[in-house]
Amino acid sequence: MSKRIILGAVAILLVIASAYAAFFIAPEERTMGVIQRIFYFHVASAWAGFTAFFLCFIGNLLYVWKRAQKYDWLAVSGAEVGLAFTTVVLITGPIWAHPVWGIWWTWDARLTSTFVLWLLYVSYLLLRTLVEEPDRRALLSSLFGIFAFIDVPLVFGAIRWWRTQHPQPVIAGGQGSGLEPTMKAVFFFSAFAMHVFMAFLVTERYALEKMQTETDFLAREVEAQ
Amino acid sequence: MSLFSNTAVLLSKELRTEFRSRELLTTTVVFILVVLILFSFAISPTTEESREFGPGLLWLAILFAASLMLQPCFLREQSNDTLSSLRLAVSDPFSIFLAKLVANTLFLLLTELIMLPFFAIFYNVPILPEFPWLLLVLFLGSLGISVAGTALSAISAQARMRELLLPLLLLPLLTPVLVVSATVTVSLFERDPIVKGKGIAFLAVFDVVFLTALWLFGEYLLEE
Numbered sequence: 001m002s003k004r005i006i007l008g009a010v011a012i013l014l015v016i017a018s019a020y021a022a023f024f025i026a027p028e029e030r031t032m033g034v035i036q037r038i039f040y041f042h043v044a045s046a047w048a049g050f051t052a053f054f055l056c057f058i059g060n061l062l063y064v065w066k067r068a069q070k071y072d073w074l075a076v077s078g079a080e081v082g083l084a085f086t087t088v089v090l091i092t093g094p095i096w097a098h099p100v101w102g103i104w105w106t107w108d109a110r111l112t113s114t115f116v117l118w119l120l121y122v123s124y125l126l127l128r129t130l131v132e133e134p135d136r137r138a139l140l141s142s143l144f145g146i147f148a149f150i151d152v153p154l155v156f157g158a159i160r161w162w163r164t165q166h167p168q169p170v171i172a173g174g175q176g177s178g179l180e181p182t183m184k185a186v187f188f189f190s191a192f193a194m195h196v197f198m199a200f201l202v203t204e205r206y207a208l209e210k211m212q213t214e215t216d217f218l219a220r221e222v223e224a225q
Numbered sequence: 226m227s228l229f230s231n232t233a234v235l236l237s238k239e240l241r242t243e244f245r246s247r248e249l250l251t252t253t254v255v256f257i258l259v260v261l262i263l264f265s266f267a268i269s270p271t272t273e274e275s276r277e278f279g280p281g282l283l284w285l286a287i288l289f290a291a292s293l294m295l296q297p298c299f300l301r302e303q304s305n306d307t308l309s310s311l312r313l314a315v316s317d318p319f320s321i322f323l324a325k326l327v328a329n330t331l332f333l334l335l336t337e338l339i340m341l342p343f344f345a346i347f348y349n350v351p352i353l354p355e356f357p358w359l360l361l362v363l364f365l366g367s368l369g370i371s372v373a374g375t376a377l378s379a380i381s382a383q384a385r386m387r388e389l390l391l392p393l394l395l396l397p398l399l400t401p402v403l404v405v406s407a408t409v410t411v412s413l414f415e416r417d418p419i420v421k422g423k424g425i426a427f428l429a430v431f432d433v434v435f436l437t438a439l440w441l442f443g444e445y446l447l448e449e
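Protein sequences appear in the order of chains G and C. Residues in the first sequence are numbered from 1 upward in steps of one, following this note's numbering. Residues in the second sequence are numbered from 226 upward in steps of one, following this note's numbering.
Fair warning: there could be bad hints in the mix.
Which chain G residues face chain C? A few, computed with CB under 8 Å, are given here [said to hold, decoys possible]:
| no. | residue |
| --- | --- |
| 1 | I95 |
| 2 | L126 |
| 3 | L127 |
| 4 | G157 |
| 5 | A158 |
| 6 | M211 |
In short, the hints are calculated from the structure, not lab data. All of these numbers come straight from a predicted model, not from anything done at the bench. Glycine included, each C-beta is placed from N, C-alpha and C at the ideal position.
Generate coordinates for the entire structure from the input sequences, incorporating the hints supplied.
As structure tokens, then:
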């Protein structure tokens, strides 16, 4: 119990600190101005969301292999938390794009593939609501989760056929890319904070799913008596 | 070797079931026809626009039709309670999937071939000059749709609201096939060799990736 409270407190403090850093420590970008500061929040959430989906994929694989309920709990926690972070990405993106590009949305490669990723995990969670029996639900959704995760690089590859309008990769991109050192430090700090926050949410969701399974089990025991 | 002989027997069973009634084929052909006509009403394109948008609309119609056509694939086995006998009859459950996906690919290709002349006339698209390439794209795209669709119809058959669920699971998963097939089909009419080569390679990669995934995980889909 206390461990969870500590992790939660650390996560929230880190997110507050990263917001402070993004607003007051990072220098102002020359052409975009203050709106660029959303980048620390937007990209950090994207990274944390992808990590959460990766956790879901690991849970899916392990469930198919080992058939222990805890892996299914991990998978559903990863999918839900990842979906929340991806939703943040899809909301903060247009907020930035409107003043900078002049439009809210464009069918560019990264926007579109993030949106398809979001849809795939919505389908994953939808599938889970439509299968009653817990073991069957865990197995079927794990298999769909595996197919969906395999699909992600293909979606991204396919959509790159369209001309892309998204800014070129700034981190680990080609020549001429890269961030000013303070910006870079603030960004990596934000990414770290978001990951801790994501880990906190996943552990909370995992505990909730575990409790839910236990109460379902108890309810059935009582009914049987 | 038994994988292929089993698959051949199961495939002939699938084909015989369908050609006795021809239910799937007729409904799918009519469905695609209706959708193509409705698209044209909805956007009333000029000649140039219809060449530009036509292939995308055609692939969209194929995708929607496939998501309907793949419904009975496992549902039929389930309602007749034949799936467990099938599982007992074959040594490798992958042959069940293989037979079904080959049958689905054939059905899709057949409907597409019936639809192509209508598409060419309605959307004023010259299909003959690049016909062999068009066939190749249709084949690779339909194979991709069938591989993913057969796997997902085994999933959706075991859930509630299965008729609605299959398109919801399948359509986002097939975005790569839709994007690439439509782009390549447009490029065929514009004679763009670079897009053509790259796109066909991409479709082949998609098919191989999902075939491998189905081969690895297929047996779990049929667990009782």
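Hint check results:
Interface hint at I95(G): violated, since its Cβ lies 25 Å from the closest Cβ of chain C, which is beyond the 8 Å cut-off. Hint on L126(G) holds. Least Cβ distance to chain C is approximately 6 Å, under the 8 Å limit. With its C-beta approaching chain C no nearer than about 6 Å, L127(G) sits inside the 8 Å limit, and its interface hint holds. Hint status for G157(G): holds, given a least beta-carbon distance of 7 Å to chain C, under 8 Å.
For A158(G), the interface hint holds, since its Cβ comes within 8 Å of a Cβ in chain C; the closest pair sits about 4 Å apart. Here the hint on M211(G) is broken, as its CB sits about 25 Å from the closest CB of chain C, past 8 Å.
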